[in-house]
Structure formats: structure tokens, C-alpha cells
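Residue numbers (this note's numbering), protein chains in the order written: chain A, 1 to 161; chain B, 1 to 576.
These aren't lab readings, by the way, just hints derived from the structure by calculation.
Careful: at least some of the hints might be erroneous.
[Stated by the list, open to error] Computed footprint of chain B on chain A, listed as stretches where at least three residues anywhere in the stretch have a Cβ under 8 Å from a Cβ of chain B:
#: 1; stretch: 82–93
#: 2; stretch: 115–129
#: 3; stretch: 147–153
[Claimed, not checked] Below, simulated SDA-like cross-link-like pairs (lysine to any residue); rule was C-alpha separation at most 25 Å, straight line:
#: 4; chain 1: A; residue 1: LYS18; chain 2: A; residue 2: ASP59
#: 5; chain 1: A; residue 1: LYS43; chain 2: A; residue 2: PRO5
#: 6; chain 1: B; residue 1: LYS142; chain 2: B; residue 2: LEU187
#: 7; chain 1: B; residue 1: LYS317; chain 2: A; residue 2: ARG8
#: 8; chain 1: A; residue 1: LYS63; chain 2: B; residue 2: HIS193
#: 9; chain 1: A; residue 1: LYS32; chain 2: B; residue 2: THR112
Every residue, glycine too, gets a C-beta built ideally from N, C-alpha and C.
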Amino acid sequence: MTAKPMKRRAILAFVQDKPGTLNKISSLVRRKMYNVDTLTVCKAKVPGVSRMTITLREDDEAKVTQVLRQVEKFTEVIRAKELERDHSYWREVAIVKFELEEKQFKKLQQRYQLEVLDRQPHDIWIVQIAGPTDRLDGFLQDLGSEHLIEIARTGVTALEK
Amino acid sequence: MQGTELVLKALQAKGVKYIFGYTGGAIMPVFDEMEKQQHFSFVMPRHEQGAAFMAQGLSRASLSTEHPQVGVCMSTSGPGAMNLVTGIADAHMDSVPIIAITGQVATGVIATDAFQESDVVGVMMPICKQTYMPLAAEEVEKTIHEAFYVATTGRFGPVVIDIPKDVQLQQTAPDYQFNPRSFRPRLPGFYYHPSPERDVLHRAIGMINRSERPVMFCGHGVIASNAGAMLQEFAEKTNIPVAFTLHGLSAMPADHPLSLGMMGMHGTIEANRAVMNADLIISFGMRFDDRVTGKLNEYARNADVIHVEIDPSELDKNVATTVAINADVYRTLHVMLSDPELVCKPRRRWLKEVEANRRTMQESMATELEKGVGQEGKLLMKSIVSRLSDLTEGRDIVVPDVGQHQMIAARFYNFQTANSWFASGGAGTMGCSLPMAIGAKLARPDERVWSISGDGGFQMNIQELGTVMQLQVDVKIMILNNGYLGMVRQWQTLFFDGRYAGTPMQSPDYELIAKAYGIPYRKVTLLDEVEEALRFAIDHQGPCILEFICDPSEIVLPMIPAGGGFGDMIVSNQAE
């Protein structure tokens, strides 16, 4: 019996771009006994500020609020909030290497708008796919794990509407 | 200027007088500069952990004086810094502002497993408020000023500054633009909100006015913001009784008619019953620790909760609030007291109920207190502490260690002086008493300071007798020796069928120990010797050690078992 997966949450934090910040936030998430689903960091619009998007799984609203407040307590964190799924875009990118006959490949390419980065002999492809997590998951399912050679995913980054 | 000069320049500008430090390879340049300048009073502990607790004692005791000081401890890299860990984690749990300056190996060899290298920033990060590692001499001064700002602003806490040896030795042109007085660090993420918001305050006052059975909680935040007198005034004006957390004790006189004493696991009957039956809790500067609440889903079920707290991450953490006030306790009380809408109700019925519970408490203690000794005729800790309290009229500073004697001191010392009780609460660190008492005495030299330890805790930092000896710090040391780790033994008696695993403990001959350190000593085994020994300590100028041979079977009661609710309170020991 498997437990129902908990609700996926995205936490967006604007943090000072300096060493140790990532360490602090990831340590706190560990201490609160969460497993980070995905974590992405990039530069924000304001110089010296990074934006960090963390996704983790939790059903309890109060617990998420606690994590947010404790994240926000760090001197390096300027602001932290939860991104509601309905009011924000969550996207990720994957680079996928797989082996597939051309005919089947064309079908997938059309359905998922794959960008071909490289085509190697023996029907080996390297493609880029971008979109919501379930789109990437759908592609991988349609592809089938027996065709997959290697995959790299960025994890979720998100922006409010 | 050299990096080391900038370290000391910044410390001097922040009013630091004492440095608790232990030298070693990576911090030698700072010590060398200290020797040249002869500005600071240097205190050498016998173990770095002692330095951290001395710094805590100084910070905590000086908080209520005219010139609050921040305790500074210093150590070398690697093992020196690692020995500070416990004291810093303790300060973090109890929100005590201290600064730890640690030497680090030179930047060129960091992360190469150099001799005496530890990842100090990595280790300290989760157990302190902030960590710094300046990488150039010109960063040093600002870093130290920022560290003091962070340590003492908002909820207090320890800050660690790890300075590589080459940075200490680096030369830099002095920055004449830098003015420490006007310096405000640029911290866009540092949230500090001392003033209460009007509308939440109004809601709170409305709730207080409507309440028939309110109780106020006095936590560490009351002490930290020096708001004890104001809390008392508020209590008197509104006729609301006050229950204390371990760290809230001594904020107002313990025998005040509205004082309920300590609440929680070893709290008084009157405090815990008031919490259980209250319709409103107004809590000031505390965090609803599990030792205070017991089982959370049974906690104060009929009460609305107003929570005044400077740290927003504590609001709604353990107990859901009705009104959360994220502000400084002093400012909040100040505004509330002057609010014309605050109604002064007599609340006679509620106070009568409180009074009845207080009597139950006193009766349950009376026989034992009167007898003063246990079944085998050995001394009871409560009789020693209550005699100490009588003789000193509750005016002295008390620094307990951790364990049974700590809970007993919390309950039986009749605190009259504001901010006169310094304990390790959140972390519960055995061995804290002696070094913390040394720091407290240096902060308030005109007051008498008692370090009360059990035989277990005392032996954990017994080496600090060396510091007492060398500086002749006038600390009155009481060892309540029952031959066991008493609090754990108590749990073994109550919950582990009396199997005393790892708790019986032999002590050295403390008389010989005292003699070796040149400290006067008295041993007390009989009840009628207690007062004489305490009088000896009071009259004696300088440090002394009193050893009391105590009854190991004494149980600290009342007690709410861990994880239990307030209804599970054990009031008397049925076994006896």
C-alpha cells in the first residue's frame, strides 16, 4: 500500500547572492524533515539578489507557513512566499538522450515540440523539452524507459501571474 | 592597520571590557595585539566551553544594568572552536547575545584539512544566529559591528566570526570614513518589528476586557526587554495572575500576590491549574516550549491566546494564537498600559480560585519542607534552597546548573531582584553553572552570586575552579551532592521501574579539590549545619565551596510526565 502523495508546494525566496545562503536554506528544509523535490537558483532582476525556487511535498498549511517564517528569518533572505499553483507558472527543462526509430521520433516530436540538439548514428537523439512537470513526465512515459539513455532535468522554476 | 588591531578597535567601540579566551595557533595574533594594547580584562577559562558560558553570564547579567555588555569569547581554530559549540548552541536556544571570535587557518590552506582546521562556519551555521568569515582585513571592522548589531537586535542570539590567520595579519589603510556610531549594516533581509500594530492591539485589549479568567505568561522576552516592572504594573492594574517560564523567573518578585510561580513540567499547581482553566492566555516573550505546554492537543483548550513575541517565526509554531502581536514586549506593554480602553476588572472569583490552588500547593510541600530531610535523614534540596532564599532575602543572583536542583531552585528561591536568575533552559546544558556564574559576577560585582550545581553537572566543568582561583572571582559555589544524576534517576524511579542505568556517580573528595585550588570549603550533612554554612559563605569575602550531602530519593514534584497533559500532573509521590 502506498500513501497518497502529498500536495506539491513551491516556495519562492529572494535571497542575498552570497555563499552560505543555499546551505542555510537547505539545512532548514532538512531539519524540518522534508526532502527537497527540486531546487533552482538564478539571478534576480536586482543585482546582488538571487531567486530560489524550492518544491517539496506537504499537505499541512500550518507547517508550510512555519517553514516560510523560518526561511524568512535568515538574515540573507529578503522575502519568501508560497506560490499558489493556480496563480503562477511552474516550468522545467530537460535534456534527454534516447534511442528511437525516426518514424516514432517524429510522432513524439510533434506531440511534445522537442528541440533536437543532436542526432547521432544508430537512431540516437539528444533533445530539449520544456514545460510543466507533467508534460515532461508524459513525454518520458510515451518514450518508454527502455529507449532512454540519459536525462538531465533542471527542476522547477516559477513565476507569478 | 593590521587585521588584529581592527578586531580590537571594533570590540572597544562596542564597549567590550572582558574577553573570555583561550589562545592557540590560529588566534595568536589577536592575543598578541591584546597584550600590546592592555585595554581589555582577559579571562582565561580552562576549557573553551567555559569561555562561551562566561560570555553568556556576562551578557545576561549586564542586560539590566546601565551599561549592558555583550560577552565575547575567543578561541583558536579546530578543537578550540569545536569546544565552543555547546556553549554557542546553548546561547542560541536561550536567545543570549554573545560574540564568538574564532581563529581560522590561513585562507591559502582552508579546505585542505590543514592542521587544526575545522569548517567552523559550516558547523556553527545551524546553531547560531549568524556566521561571518571576513576574507580581507578591510572587512573586519564592519563585520564585527554588523555581528554586534545582529546579536543584539530583535530576538537576541550568538554570532560567530571566523577570522583566517592571514586576514588577522593583513595590513590595510585605516578607513577614516567609517563611523561606528552611525554605522547601520545593510541587511535587506533582516526583519525587525519592535512596535505593535494598532488594530491587533485593540483586538487584544478587547479580549482582555471581556475575559473573566485570564492568565499572563512571563517569558524570557520580558527579561530581555527589561519589562518586568511594567508587566507587574499591568498585572496589578488588570488583576491578572502571572505564570512564569523558567527564563521569565525574577522578572517580578516571586512572592507577589499575583505571581503563580513557574508553569509547565515542574510548575506549581496554581500556575498549571490557572493555565488549564483560563479563558484567555496573554503570553509575553516566550515560545511555548514542550516543557511548558506538555501534550499540545490538550493544552489550554478553553483559552484564547494572545501572543506577544519579537520573533515572528515563533508565532503559531506550537500553539495557535487568536491574536498574534509581533513586537517588542516592552513597547507593547507600554502602549497597552496607556490605552484608555483597558478596563480594570476586579476578577475576584478567579483570583479566589487561584488562591485556593496556591494553598493546595503550599500544603503539599509543607511537611517535607518542615522536616527538611528525607527518610534516611539526608538533606532535601528544597530545604537547602529555601534556607538560602530566607538568608539572602531572595536578593542574590542564582545561577543553577541543570537537573533536579535547578527545578528546585526555580521553585523555592524567592526572587526579589530583577534579572537575577540565569539558567540553561532550552538546551539544558549540564556544567553551565560555574562558568556562567563567573561571567555574571564580573557583570555585577556588587551583588552576591551563587552557583548551584549537582555533583554531575559540577564535574562537567569542574576545571573552571582554575579560573575562580586565578582571578579570585567571588562566586559562592554550592554542590548539592546526592551521588546520582538526580533528574534522570527521578525518571528511572517513576518510569523505568527503578533501574538506575548510568546514574550512580562517585565524586572526588571535594574538600581536597577545594584545597588544591586554594578555595575555602565546608561540608554539610546535617540540617542544622545548613544555615551556618550558608552564613559562612555570605560573610566570607571571596569564593568558597559548600558541599551538601543530599537525599538521592528526593523527587521534584509536582511533575507533568513528558508528553502528558496538565491533567496528568503528579502532585505527591505515592511510593512514599
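Okay, the hints, checked on the actual structure:
1. 82–93: Coverage by chain B is violated here, the residue count being 0 at a Cβ distance below 8 Å.
2. 115–129: Contact hint for the stretch 115–129 of chain A vs chain B: violated, 0 residues under 8 Å.
3. 147–153: Since three or more residues must qualify, the claim that chain B covers the stretch 147–153 of chain A is violated, with 0 doing so at under 8 Å.
4. A:LYS18 / A:ASP59: violated, 32 Å
5. A:LYS43 / A:PRO5: Answer violated: A:LYS43 to A:PRO5 is near 32 Å, above 25 Å.
6. B:LYS142 / B:LEU187: holds, 13 Å
7. B:LYS317 / A:ARG8: Within the cut-off at roughly 21 Å; holds.
8. A:LYS63 / B:HIS193: holds, 23 Å
9. A:LYS32 / B:THR112: violated, 31 Å
When each numbered hint is compared with the structure, violations occur for hints 1, 2, 3, 4, 5 and 9.
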